[in-house]
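**Q** Here are the chains, one letter per residue:
Number of protein chains: 2
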Amino acid sequence: MAAPIDFYFDFSSPYGYFASAKIDALAAKYGREVAWRPFLLGAAMKITGGVPLPSVPMKGDYARRDFARSAKFYGVEYKLPSTFPISSQAPARAFYWLNRKDPKQAQALAAALYRAYFVDDINISNPEDTIAVCARFGLKAEEVRAALNDPGVKELAKAEVDKAIARGAFGSPYIVVDDEAFWGADRLEQIEKWLASGGWKY
Amino acid sequence: MAAPIDFYFDFSSPYGYFASAKIDALAAKYGREVAWRPFLLGAAMKITGGVPLPSVPMKGDYARRDFARSAKFYGVEYKLPSTFPISSQAPARAFYWLNRKDPKQAQALAAALYRAYFVDDINISNPEDTIAVCARFGLKAEEVRAALNDPGVKELAKAEVDKAIARGAFGSPYIVVDDEAFWGADRLEQIEKWLASGGWKY
Numbered sequence: 001m002a003a004p005i006d007f008y009f010d011f012s013s014p015y016g017y018f019a020s021a022k023i024d025a026l027a028a029k030y031g032r033e034v035a036w037r038p039f040l041l042g043a044a045m046k047i048t049g050g051v052p053l054p055s056v057p058m059k060g061d062y063a064r065r066d067f068a069r070s071a072k073f074y075g076v077e078y079k080l081p082s083t084f085p086i087s088s089q090a091p092a093r094a095f096y097w098l099n100r101k102d103p104k105q106a107q108a109l110a111a112a113l114y115r116a117y118f119v120d121d122i123n124i125s126n127p128e129d130t131i132a133v134c135a136r137f138g139l140k141a142e143e144v145r146a147a148l149n150d151p152g153v154k155e156l157a158k159a160e161v162d163k164a165i166a167r168g169a170f171g172s173p174y175i176v177v178d179d180e181a182f183w184g185a186d187r188l189e190q191i192e193k194w195l196a197s198g199g200w201k202y
Numbered sequence: 001m002a003a004p005i006d007f008y009f010d011f012s013s014p015y016g017y018f019a020s021a022k023i024d025a026l027a028a029k030y031g032r033e034v035a036w037r038p039f040l041l042g043a044a045m046k047i048t049g050g051v052p053l054p055s056v057p058m059k060g061d062y063a064r065r066d067f068a069r070s071a072k073f074y075g076v077e078y079k080l081p082s083t084f085p086i087s088s089q090a091p092a093r094a095f096y097w098l099n100r101k102d103p104k105q106a107q108a109l110a111a112a113l114y115r116a117y118f119v120d121d122i123n124i125s126n127p128e129d130t131i132a133v134c135a136r137f138g139l140k141a142e143e144v145r146a147a148l149n150d151p152g153v154k155e156l157a158k159a160e161v162d163k164a165i166a167r168g169a170f171g172s173p174y175i176v177v178d179d180e181a182f183w184g185a186d187r188l189e190q191i192e193k194w195l196a197s198g199g200w201k202y
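So the sequence lines, in the order shown, correspond to chains X and F. Sequential numbering of the first sequence, starting at 1, is according to the working numbering. Sequential numbering of the second sequence, starting at 1, is according to the working numbering.
Heads up, some of the hints might be wrong.
Estimated spans, in silico, between C-beta atoms of each pair [claimed, not checked]:
#: 1; chain 1: X; residue 1: Gly198; chain 2: F; residue 2: Asp120; range: 24 to 34 Å
#: 2; chain 1: F; residue 1: Leu80; chain 2: X; residue 2: Asp178; range: 18 to 28 Å
#: 3; chain 1: X; residue 1: Tyr30; chain 2: F; residue 2: Asp120; range: 32 to 42 Å
#: 4; chain 1: F; residue 1: Gly60; chain 2: X; residue 2: Lys193; range: 33 to 43 Å
#: 5; chain 1: F; residue 1: Gly60; chain 2: X; residue 2: Glu189; range: 42 to 52 Å
#: 6; chain 1: F; residue 1: Lys79; chain 2: X; residue 2: Asp178; range: 21 to 31 Å
#: 7; chain 1: X; residue 1: Asp162; chain 2: F; residue 2: Glu192; range: 37 to 47 Å
Derived from the structure by calculation, the hints contain no laboratory data. We put the beta carbon where it would ideally sit given N, CA and C, even for glycine.
Looking at chain X on its own, in the form it has when it is part of the complex (with noise of 0.2 Å):
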């Protein structure tokens, strides 16, 4: 069976989680699975100089409404929460966490953690949101803060992050289909047409 596809995103990235609600059956249809791959798209930033959209010029009012349009057009609920963007890393890191003992769950939980910060506006950058997220989802309280406070957790979190810049990720969603990388949720109509072609030559 052919690899996993890789889907990069941060929590904080609207246009990852309009991604994310569409990835999973687009791959299925097409007989693949995805590794869903939270990243943080500050350490990337540092890389390319990028500057969160909402504080460009032009661009950032442009992209909040956009950002609410593409919702709309993608079927997705959605709310621009009262804190954006935000840090990813609580999130990013009970993500890693669970993800190495439930790849399955750990998606789902990526799930949930999206839909509180986009839709019920939750600021999932501080900790103890997150873990009330988790506890809700049905992990243990004390367990996911205990996971969060973990050096070695911390340690996996990073390195995931560093692997996913490595793989050329400076944006969200970043999705690898083997080894072709495509930027943004408006490159899913891309990857629909590459999975069913087999890809094309340019």
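Chain X is already provided as a structure; the job is to place chain F on it using the hints.
**A** Just chain F now, kept in the frame of chain X:
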């Protein structure tokens, strides 16, 4: 009849070029016309602090692949020009000079200039190369040369660039349907849905 769709683009932008191959047919399908409005991304970047894609670490490498892959996806002939990106002042001035007399012909000239740059690798940032393209297009070289040096034409082109930026154009293509702005060739799908449905609240 509804106002034309405003199609803002930079002659140096591959995504503007891809959209230019699609926008007229898309608009016509919904009984709409298109006003082509070249502008200068460099002028917008002075406001946004943006940097030309190819020189951004990580993103530049991705962009070069995405240009070529997207060209195939859209079915548009394309080759990365030897000099890229370029300042597109000369073709923008030629366009607005002709546009004053005949917008339809100016639009056809814009398509010829885009093709010269992205298919035939002619560096249209050089006024003499823009003049040569205009001559092959059927215009009188002497008239074009005079136009490119005409302070009135320079002023006209500058005023159009200023208007584009005042309208919010920070990237290419930037397409305004009534009062709704869409950035990127990858928003053509949303534009189609918007035109087909009469738009949506968000």
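**Q** Name the hints, by number, that the structure is in violation of.
**A** 4, 5
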